[in-house]
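Visitor: Chains as they are written, first to last, in this note's numbering: chain A, 8 to 329; chain B, 8 to 329.
Read the hints as simulated data drawn from the structure, not as lab findings.
Any given hint could be a false lead.
The list cannot tell twin chains apart, which means a pair is met if one copy fits it or any two copies do.
Computed cross-link-like contacts, SDA-like style, restricted to lysine to any residue with a CA-CA straight-line distance of at most 25 angstroms [claimed, not checked]:
{"#": "1", "residue 1": "K114", "residue 2": "S150"}
{"#": "2", "residue 1": "K274", "residue 2": "H294"}
{"#": "3", "residue 1": "K78", "residue 2": "P24"}
{"#": "4", "residue 1": "K19", "residue 2": "P303"}
{"#": "5", "residue 1": "K19", "residue 2": "S34"}
{"#": "6", "residue 1": "K114", "residue 2": "S143"}
{"#": "7", "residue 1": "K297", "residue 2": "G228"}
{"#": "8", "residue 1": "K185", "residue 2": "V291"}
{"#": "9", "residue 1": "K19", "residue 2": "S150"}
{"#": "10", "residue 1": "K105", "residue 2": "L325"}
{"#": "11", "residue 1": "K78", "residue 2": "S226"}
{"#": "12", "residue 1": "K19", "residue 2": "E222"}
{"#": "13", "residue 1": "K185", "residue 2": "R153"}
{"#": "14", "residue 1": "K19", "residue 2": "N221"}
{"#": "15", "residue 1": "K114", "residue 2": "S226"}
It should be emphasised that the depicted structure is a prediction, and the values quoted were computed from it without experimental measurement.
There are 2 protein chains.
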Amino acid sequence: MTHELVEQLFGKALANPILDRMDDAASLELEGRIAFTVDSHVVTPIFFPGGDIGRLSITGTVNDLAMIGAKPLYITAGFIIEEGYLLSDLEAIVASMKTAADEAGVKVVAGDTKVVERGAADGVFITTSGIGSIPSGVNISGSNARPGDAVIVSGTIGDHGATILSRREGMVFEVELKSDCAPLGGLVEEMLAASHGIHVLRDPTRGGLAATLNEIAISSGVDIEIEEEIIPYRGEVRAACELLGLDPLVLANEGKLVAFVAEAEAKMVLEAMRANRYGIDATVVGHVAKVESSRPRVYARTLLGSRRIISMPTGEQLPRIC
Amino acid sequence: MTHELVEQLFGKALANPILDRMDDAASLELEGRIAFTVDSHVVTPIFFPGGDIGRLSITGTVNDLAMIGAKPLYITAGFIIEEGYLLSDLEAIVASMKTAADEAGVKVVAGDTKVVERGAADGVFITTSGIGSIPSGVNISGSNARPGDAVIVSGTIGDHGATILSRREGMVFEVELKSDCAPLGGLVEEMLAASHGIHVLRDPTRGGLAATLNEIAISSGVDIEIEEEIIPYRGEVRAACELLGLDPLVLANEGKLVAFVAEAEAKMVLEAMRANRYGIDATVVGHVAKVESSRPRVYARTLLGSRRIISMPTGEQLPRIC
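Let's have the full structure, built from the sequences with the hints guiding it.
Guide: Structural data, given as structure tokens:
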């Protein structure tokens, strides 16, 4: 497998007029404010139920752009490939990127490949960077949560993390676990069209809902209280967590978002979300409160009324999850 | 070394108001046409005379933007780090990125780090993506070379490639070889201010001048003829090539560019280049001609008048050169 062969493979699979120009940089027309982001992907296994590193690399970057309210538009991809990695697997990965990019309405406009010797990388790593345009008037940030805001999750929690982990452990369930890996640009666009009261959007990837809520609490200087029993989970995720002794709140998600919305607008936003295939199970799971103790905290309340602190997960519970 | 520790290290070293917001994507104000590019860096050794992977990751991306005439502005960086890699080395790499970014006038606005287990990567890999703004009226592309154009190189050829290779071979010269690794955004800006007759800009990295000239010949559908004896080389590069049996024309450069300029403007462009520290040795080394045979070719002419074809380097002469 030569470097040229790989570049041809990618150029062909991802072809579009901008990529085809093959200059050192792509030239694009954009208007207004721009969102710009990056994510490196090192997931293992590279292929998993519900996706693969290719799909993940597109949806991860698309979702990061969408989480500040931007319309995802263009992607670059840097590939680091271990010498001897199967060409047919690379083809499958790039085809999967193309499918995800088409679904998300984005174009891959520049790419780079580096082949390293056997043993210097583990299969393939993909770093994607993305740009999108931020519609005027949109101001979404992790620091915008306000007391009274409703906390909405867009669907079941923990699917991606439970899938990757159970694969690694070689576990098989009767109902197969599947990653939720999906592009959320369309969902966000419909939410923004439905309401001007969306303050925060965040995709709970590494560290799961626990990390995301803690980050928002700290950025915004607020407390967050969630009702533990109403958070939606798939039965098989719950089963996997029980077997493996895991807390689903720290498991990564790759096709879910958390929205903080002005209370009066929550119903409207929820309706808009449920009309989208990636928001069917959207649920209000909690609310924002003023800081109660010396620093911002996230609390989980049970049906019986007891309350516990959800702390920031420390270290990396699941390395190479994305 | 935890993932959080590394993120703190990067956030501190590269601090700026946009990066500090820590949202999923950076929000930027830009006007007009945008250039967008990506490069993965896997160079070994990670530290080399004249630079390191950190400096290279910034200058490589800055230069790709400059080569379509864009003013480099913002960078994202995705780090893939092998568990156990020295924290002090990471600090040195990030400090070096900061120095290069300051020199180039760009900001690192978003970053991502993934730590993989020992043996799953070789030290550290950095993928940088960059955006820049293309001034109105600028139209630089590898497909714009025209018969009659002067071919200018900005300085000595082969410095980076010869440095990396001799390090790997454990060779020591009396005069130390040094990579030319440098940001060329300022040089390009001054060239564009001096003349509207610049048709092509390209940095001859992987595959060296031989690959770059062949790519331009094919993209533009022209022949290119260069005078082999007037191409500037450092004595120590020439010596290394003789010892190792290498052709300096295929060695990578990381702080040089090739410009194709309308003949009447060549003198003005050359003067502007020589006034910049990265263009002091700029030299006209050849010219563009109409295609002579059945397909575009690059020729080297010797002082004695003989002529040979410079073919596209096949395969990767020097893997992990950048």
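Visitor: Which hints from the list above does the structure break, by number from lowest to highest?
Guide: 10 and 13
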